[in-house]
Amino acid sequence: MVTLTHYLVLSALLFVLGLFAVVTRRNGVAILMGIELMLNAANVNLVAFNKFTAPAAVQGQIFALIVITLAACEAAVGLALVLAAYRSLETIYVDEINLMKW
Amino acid sequence: MTHVAWIIPLLPLAAFGLIIFWGERLPGRGAYVSIAGIVLAALASLAVLGEVVGGARADLTYAWAIVGRRPLTVGVLVDPLSAMMLAMVGVVASLITIYSVGYMEGDPRYPRFFAYFSLFQFSMFFLVLADNFLFLYMAWELVGLCSYLLIGFWFERPVAARAALKAFITTRIGDFFLMIGILLVFLRVGSLRFDDIFRAIDLGGFGGPVLTVAALLVFGGAVGKSAQVPLHVWLPDAMEGPTPVSALIHAATMVAAGAFLVARTYPLFFHSPGHEALTGVAYVGGITALFAATMGLVEDDIKRVLAYSTMSQLGYMMLGLGVLGYSAGMFHLITHAFFKALLFLAAGSVIHAVATNSLKQMGGLARAMPVTFWTFLAGALALTGIPPFAGVFSKDAILLAAFTHDKVLWLLAAAGAFLTSLYMGRLCWYAFAGEYRGALPALAHGQGAGHGGSPRNVGQPGAALHESPSVMTVPLVILAVFSVFLGWAEGPFDRFVRFAGVEAPPASLGVLLVSVLVAVAGWLAAGVVYFWRIVPSEDLRRAFGPVYTLLVRKYYVDDLYAWVVLGLGGPAIRLAGLFDHYVVDGLVNLTGWVARQMGLGLRYVQTGRAENYLLLVFLGVVVIVLVTLAW
Amino acid sequence: MSGETVAFYVLAVITLGAGVIVVTSPNIVHSAVALIPAFLGVTGLYILLNAEFVAVIQVLIYAGAITVLILFVIMLTEGGTGLRVHQRNEQGVVGAAVAGAMAALLYAVVTRTAWGTGTGTLPAYTPGAIGQSFLGPNLLVFEGTSIVLLVSLIGAIIIARKED
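For the protein sequence lines, the chains are A, B and C, in the order given. Just so you know, we're using the working numbering here: the first sequence kicks off at 1 and counts up by one. Just so you know, we're using the working numbering here: the second sequence kicks off at 1001 and counts up by one. Just so you know, we're using the working numbering here: the third sequence kicks off at 2001 and counts up by one.
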């Protein structure tokens, strides 16, 4: 019997994986991939709650759809930034982008 | 006016503020502003005096802070004592300030002098009007500060700078006792207001040996400020300051603050069991009166003689207060202010003319400076207690009170009176009689052209001996008038300024006659030695050689203090210095060093990299949750 | 052991396993490609949760557009060489610890909370319900999202444009 808790634990683990990627990876694109994983985890949460605690309306799914859309926008803009950075700084490894560091 | 008496100190304070910032650009380079401040204050004081004589009183209090359960109130007290003091300070200070315009002319720091003068006048008025120990102590310290600033006014002279420091430190020792006394009173009574303290004493809540101790501690402050033995060593050296300073601060007002303090807190002394505190006060006063007079006898500096005279007369005031002669002591304070200020100003006039303080280089000045001479003589006669001048009334009142109270004290006082006449006579003969012994070309007929010049630039070829300008002589004349006629106000004064429970003893012609005889005898003896030279002073000096040495060395008190403080205390002083340099400064520097090290260390947290910051955010979340769960 | 349970665990393994590869692979291209099974696993979870429309959109947009976009950018930048550069920065250990702690915390919170159960059932045909909702109560959100899309489209073009 799959309960809400299962889904929530799963989404928590997925979220933590995404967090690990964001905090640990050097490649800018890898960081964005981590962000996508985190967003997916949030989505799973939303839809699971929708089914288990508020099934009368589809509000959770609506929310998840919006999140997907916005994730797409954000990925687009973020990747454009990575591209632009690569063009001018010759690198996509975020720890090498330190022109303004003391 | 009585109810806004607090304006009186503010007038010279405003003058101070104006002069200290814009002195050079003010009318008269600041002098006129200072004069305006003090004259207005004096007029207001006279108005207050008039009202208080008519029966007005005022005790305005204001809650300043909450200490413990009760509010700490401060305020202004206008009663006969303070009204009298206000008027005296106002009139005398006005005259001296006007005099200073002539005396200080040409001084490079002219405006600053008047600024300090005004500040002092503010402090003195403040002291007189205080209705609680807090204000009194504040004003007490302020007058000490102004005294320091003014004694060391010509600070380029190391002697003056040292004298200023000596004055400040010595009075500070007295102030320390005063502070302990105030704390003791506060602990016992819970309030610093005089009214509350006196009521507590009347109701019996504050008495016994503790009261005596408190009274004597408060008297300790007076001992310092009024140059009584043993804290007398600063007053002669304080003469390094300009003469107007000596006249105002070290003759008429600040040193009188000690006597005023005793009078103001008289219930503390009066109700101490067996009048023990009063006995202490009286003996200190009596001893000082005699002690100082003996030292004044051998001084060659005209101002120092007057300084010892002041010390002696302050002793008389303390003596008077101590033998329950409350009105007598205070009356002597008032009269003394006038004739001592006169004497100092006249001495300043002399110094101004001959460019030296040394009696050995004076002589024959009566012809060259007639106004100065006659006013000085008036002051001297008043001081020594020759009727009908002012001094005899007040001095005789003290002697009478001493006679009825304690014969020993009366003997001390009478001996002091003899010596007073002796040294004043000596002073007068040396300075004004005979032939001029100094270096300046003497004028055959003394006539004053209004020639100014500070004591430091007279003495050039061509500057002949002459009378001082009228801006200096007019105050002299006014003060002389007071010295002559003020004595007749004794009766009204005694009815006006009095302490309930103290009655003046019945007048005794016998005591009065003895007083006058003693004074006249002193003048005659001075004449014998110094004028008619029947017994020349050189012979006396040889005959009483060791005594003479003892007096000239000021009973070795200065040497003793130097040995005790610097010799015995030297290691402690050095230790304190090291402590201050390494521990206190070290701690301060340590806090700075720690802050810097923290900064140097913490700056590594700002890596500029977002992934570090993000990690810290989540780390923080984890920590917060764990801490919240663990609590 | 019902089919739903089995399906759930299989999908969980796929999703999390692919996720691990995404976050730990030294080869960035392997990471990007591993995104696909991760997203598809999530799709399966959506289907289990009766959110068919969302599942389809997930495939289209995530596994389709976003993954391809990521691969594009990898190829256009230096990741495409496939060289094994060390990918983990200096805070790997602490990051892992923090991540583990977060996981534990979240697990603790989730399992200890009594989530309520809702009343009612999901509509059988979710696309219809979603469509009705978008044109009804959630119209404002819908229109707003479209504006965001427009803006990000323009923004991405401008940012990524070659300077000439």
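Any given hint might turn out to be false.
In silico SDA-like pairs for lysine to any residue, Cα to Cα no more than 25 Å straight-line [said to hold, decoys possible]:
| hint | chain 1 | residue 1 | chain 2 | residue 2 |
| --- | --- | --- | --- | --- |
| 1 | C | K2162 | A | Y93 |
| 2 | B | K1360 | B | V1528 |
| 3 | C | K2162 | A | C73 |
Restraint ranges, calculated between C-beta atoms of paired labels, are given here [what the hints assert, rightly or not]:
| hint | chain 1 | residue 1 | chain 2 | residue 2 | range |
| --- | --- | --- | --- | --- | --- |
| 4 | A | S88 | C | F2142 | 19 to 25 Å |
| 5 | A | S88 | B | W1593 | 39 to 45 Å |
| 6 | C | F2072 | B | V1627 | 44 to 50 Å |
| 7 | A | L99 | C | V2029 | 26 to 32 Å |
| 8 | B | A1610 | C | E2078 | 16 to 22 Å |
| 9 | C | V2151 | A | L99 | 24 to 30 Å |
| 10 | C | V2151 | B | R1596 | 30 to 36 Å |
Here's a subset of chain A near chain C, in silico, CB distances under 10 Å, partners left out [said to hold, decoys possible]:
| hint | residue |
| --- | --- |
| 11 | L14 |
| 12 | V22 |
| 13 | R25 |
| 14 | A64 |
| 15 | A84 |
| 16 | N98 |
| 17 | L99 |
These are computed hints drawn from the structure, not numbers from a lab. Backbone N, C-alpha and C define an ideal beta-carbon position, used for all residues, glycine too.
Results of checking the hints against the structure:
1. K2162(C) to Y93(A): 20 Å, holds
2. K1360(B) to V1528(B): Between K1360(B) and V1528(B) the Cα gap is close to 18 Å, so the pair holds against 25 Å.
3. K2162(C) to C73(A): Satisfied, since the Cα-Cα distance of roughly 20 Å is no more than 25 Å.
4. S88(A) to F2142(C): 19 to 25 Å: 37 Å, violated
5. S88(A) to W1593(B): 39 to 45 Å: 44 Å, holds
6. F2072(C) to V1627(B): 44 to 50 Å: For V1627(B) against F2072(C), whose Cβ atoms are near 45 Å apart, the range 44 to 50 Å holds.
7. L99(A) to V2029(C): 26 to 32 Å: 28 Å, holds
8. A1610(B) to E2078(C): 16 to 22 Å: 20 Å, holds
9. V2151(C) to L99(A): 24 to 30 Å: Holds: the Cβ-Cβ distance is about 28 Å, inside 24 to 30 Å.
10. V2151(C) to R1596(B): 30 to 36 Å: With Cβ atoms ~48 Å apart, the hint is violated.
11. L14: Cβ of L14(A) sits 6 Å from chain C, so the hint holds.
12. V22: It holds, given that the least Cβ distance between V22(A) and chain C is near 9 Å, below 10 Å.
13. R25: 6 Å, holds
14. A64: 5 Å, holds
15. A84: 5 Å, holds
16. N98: 12 Å, violated
17. L99: 18 Å, violated
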